[in-house]
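Please model the complete structure; the sequences and the hints are all you need to start from.
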Amino acid sequence: MSLLSTTLLAFSMSTDAFAAAIGKGATLEHPRFREALRTGLLFGVIEGTTPLIGWVLGYGASRYIVNWDHWVIFAILLLLGGRMILAGLTASEPAVTSASPRRHNWWLLAATAVATSIDALAVGIGLAFIDDINILVTALAIGLATTLMATIGVMLGKRLGALIGRRAELLGGLILIGIGTSILFDHLGIW
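Going letter by letter, the sequence shown gives residues -19 to -1, 1 to 172 in mature numbering (1 follows the signal peptide of the UniProt record, and there is no 0).
Don't read these hints as lab results, they were simulated from the structure. For every residue, glycine included, the Cβ atom is placed at its ideal position computed from N, Cα and C. Treat the hints loosely; a few may be bogus.
Stated by the list, open to error - Now the in silico label distances, taken between C-beta atoms and shown as ranges:
(1) Leu18 with Gly41: 32 to 38 Å
(2) Leu18 with Gly159: 28 to 34 Å
(3) Leu59 with Leu(-16): 30 to 36 Å
(4) Leu59 with Gly170: 15 to 21 Å
(5) Leu169 with Tyr40: 21 to 27 Å
(6) Asn115 with Arg13: 23 to 29 Å
(7) Ile34 with Thr(-13): 17 to 23 Å
(8) Arg44 with Arg13: 48 to 54 Å
Structure (structure tokens):
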């Protein structure tokens, strides 16, 4: 996978965490950088770990479907991208309470991070079918992009609310579909 594909994949995987972080930031009284970084690191570590788990699962199955693995990758990315686009189109604005906290509960943040990283697990399964992938570099890129985007999301949350979050999910979904289509066309010799 090229550097551009890895970068696009990393940032598209971070869009759901970015959207969730905007929602988290919107509920804080005064988001501070330390809290934003704490949230970003938690999201990044979890989002960077799940593709590794998925890759291990997919690698075990890859030898059984080597003749049509490009279709599996395409289907996974198409479904995930479609889900992200649908979520971006139907997302509601985060609820802001009158008694905004200064800091979020760690367990609640961890649960949110796990929920937003399920797609990275599925992508990791799909990546196991690609020959020229360095899963450690890809997982690290996903983790770093998610850390950056979630940190920024918390800091911007109070000002921007759900507006950017929805657009980020739409863009991330389109990028995933584009990467899946590119992989399929490459394997079919269309490029």
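Tested hints:
no.: 1; hint: Leu18 with Gly41: 32 to 38 Å; result: 36 Å, holds
no.: 2; hint: Leu18 with Gly159: 28 to 34 Å; result: 31 Å, holds
no.: 3; hint: Leu59 with Leu(-16): 30 to 36 Å; result: 20 Å, violated
no.: 4; hint: Leu59 with Gly170: 15 to 21 Å; result: 20 Å, holds
no.: 5; hint: Leu169 with Tyr40: 21 to 27 Å; result: 23 Å, holds
no.: 6; hint: Asn115 with Arg13: 23 to 29 Å; result: 36 Å, violated
no.: 7; hint: Ile34 with Thr(-13): 17 to 23 Å; result: 22 Å, holds
no.: 8; hint: Arg44 with Arg13: 48 to 54 Å; result: 49 Å, holds
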